[in-house]
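Chemist: Here are the chains, one letter per residue:
Number of protein chains: 2
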Amino acid sequence: MVEVVMAPCSPVECETAVVIDVLRATSTIVTALSNGASGVIPVKTIEEALEKRKEGVLICGERNAQRPEGFDLGNSPLEYRKEKISGKTIVLTTTNGTQVIEKIRSEETVAASFLNLSAVVEYLKNKESIVLVCAGTNGRFSLEDFLLAGAIVKRLKRDDLEDGAQVAKRYFESVKNKKEEVKRHSSHAKRLISLGFEDDVEFCTTEDLFKTVPVLVNGVFIPKESL
Amino acid sequence: MVEVVMAPCSPVECETAVVIDVLRATSTIVTALSNGASGVIPVKTIEEALEKRKEGVLICGERNAQRPEGFDLGNSPLEYRKEKISGKTIVLTTTNGTQVIEKIRSEETVAASFLNLSAVVEYLKNKESIVLVCAGTNGRFSLEDFLLAGAIVKRLKRDDLEDGAQVAKRYFESVKNKKEEVKRHSSHAKRLISLGFEDDVEFCTTEDLFKTVPVLVNGVFIPKESL
Numbered sequence: 064m065v066e067v068v069m070a071p072c073s074p075v076e077c078e079t080a081v082v083i084d085v086l087r088a089t090s091t092i093v094t095a096l097s098n099g100a101s102g103v104i105p106v107k108t109i110e111e112a113l114e115k116r117k118e119g120v121l122i123c124g125e126r127n128a129q130r131p132e133g134f135d136l137g138n139s140p141l142e143y144r145k146e147k148i149s150g151k152t153i154v155l156t157t158t159n160g161t162q163v164i165e166k167i168r169s170e171e172t173v174a175a176s177f178l179n180l181s182a183v184v185e186y187l188k189n190k191e192s193i194v195l196v197c198a199g200t201n202g203r204f205s206l207e208d209f210l211l212a213g214a215i216v217k218r219l220k221r222d223d224l225e226d227g228a229q230v231a232k233r234y235f236e237s238v239k240n241k242k243e244e245v246k247r248h249s250s251h252a253k254r255l256i257s258l259g260f261e262d263d264v265e266f267c268t269t270e271d272l273f274k275t276v277p278v279l280v281n282g283v284f285i286p287k288e289s290l
Numbered sequence: 064m065v066e067v068v069m070a071p072c073s074p075v076e077c078e079t080a081v082v083i084d085v086l087r088a089t090s091t092i093v094t095a096l097s098n099g100a101s102g103v104i105p106v107k108t109i110e111e112a113l114e115k116r117k118e119g120v121l122i123c124g125e126r127n128a129q130r131p132e133g134f135d136l137g138n139s140p141l142e143y144r145k146e147k148i149s150g151k152t153i154v155l156t157t158t159n160g161t162q163v164i165e166k167i168r169s170e171e172t173v174a175a176s177f178l179n180l181s182a183v184v185e186y187l188k189n190k191e192s193i194v195l196v197c198a199g200t201n202g203r204f205s206l207e208d209f210l211l212a213g214a215i216v217k218r219l220k221r222d223d224l225e226d227g228a229q230v231a232k233r234y235f236e237s238v239k240n241k242k243e244e245v246k247r248h249s250s251h252a253k254r255l256i257s258l259g260f261e262d263d264v265e266f267c268t269t270e271d272l273f274k275t276v277p278v279l280v281n282g283v284f285i286p287k288e289s290l
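Chains as they are written, first to last, in the numbering used here: chain Y, 64 to 290; chain V, 64 to 290.
Accuracy of the hints is not assured; some may be wrong.
Chain copies aren't distinguished; within one or between two, either way the pair holds.
Said to hold, decoys possible - Below are the DMTMM-like pairs computed for lysine to aspartate or glutamate, each with C-alpha atoms no more than 25 Å apart in a straight line: (1) K253 <-> E225; (2) K117 <-> E236; (3) K253 <-> D223; (4) K117 <-> E265; (5) K246 <-> E225; (6) K147 <-> E265; (7) K253 <-> E76; (8) K253 <-> E191; (9) K242 <-> E142; (10) K246 <-> D223; (11) K117 <-> E165; (12) K287 <-> E261; (13) K117 <-> E185; (14) K217 <-> E236; (15) K239 <-> D222; (16) K220 <-> E236; (17) K246 <-> D271; (18) K241 <-> E142; (19) K242 <-> D223; (20) K253 <-> E185; (21) K242 <-> D222; (22) K253 <-> E78.
Since the hints were made in silico from the structure, they are not lab data.
The following block holds chain Y by itself, in its conformation from the complex (with noise of 0.2 Å):
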């Protein structure tokens, strides 16, 4: 069974989920581990994040698109640049892409991007039951979440589809230029390039840049690669 789901009310359950906010929580993770993070701690609040300081620790992440005061990082992926963060562990809160992930009931639970797509369709190719968990926009439908759910759902080639990942899927399918219809369509992406981040947009919508899958393990992403 392959299903997507967006901004959900209640609590997810299910084999394997994986969790999806392309801009930015879910491509700065994947960014982090891949540059040398050890591990990437999600919190729901800015107090949380802060009461985790210590050495070797970085508080990181975003409210209204921008770094909090105290903070040493944004949600900016770009920032996350090997001399700055190599070995070090990220603490990372965010206005969807982390308050979802408190939403997951699974077995297991990884971070996807268009940054390490091929790394998560292999991850997930012998997994009985998955969950795509789009954080969304306030609540609301973000099309870029949906639009990489229903690029892993295409590339699973799976007949099990629930009507979220039927849908995710068409709709994939019938975008032609995905970078293109993320700036023009994507009211979160308009967003970010009104304030200045359009290198972000650019760079979150790029496919394949890693191949590490963030898998959660006691309340942290670490990295595993799975290509």
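Given the structure of chain Y, go ahead and fit chain V onto it with the hints provided.
Modeler: Chain V only, in chain Y's frame:
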């Protein structure tokens, strides 16, 4: 602005809300008012429905797709024939459709189904801000609701589409045979067919049998002819 939301968690604030539950609540509301019912009162619980019993009122709806004990009619639109309901007030409680209505905080609320598609599109022509509120199935994606939303968005021919509206339009455009898509891929349709309600699925995916637009006034859907 035109947006589509699926099984929303939080209140939906807008000018014009269009509630969609193709299988079967809004199809039933449209059919009842088209066949002469004087009004349809959506209520959340079976108890609320039964408390409203008095002369000239029919208590109607479903739980697990079946008519609850003590109810006059179930949730099959095919039951709502002229001779049974003409001049009567219908009190309706269903699992998804009547639940989502209480999330809506709009200046006006109308009910849409394939049965009154053209009438709804005509009604919406001069509205500024429209949110199509899909009921979904137990909080999850409903393919048939999203397909109707896409059909409405497509016909509105507007440029100011939010993410959900853009995706719904593209999904609708990708579907060649609507009835086939719903029967083959909607989990709710498949469940209804397995329970013996295939005629309902056939009926609820038929376009433009009626010209009635149900408009919610003081908690009661009353009929408005827009064509």
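Chemist: So which of the earlier hints does this model not fit?
Modeler: The structure conflicts with hints 2, 4, 12, 13, 20, although it agrees with all the remaining ones.
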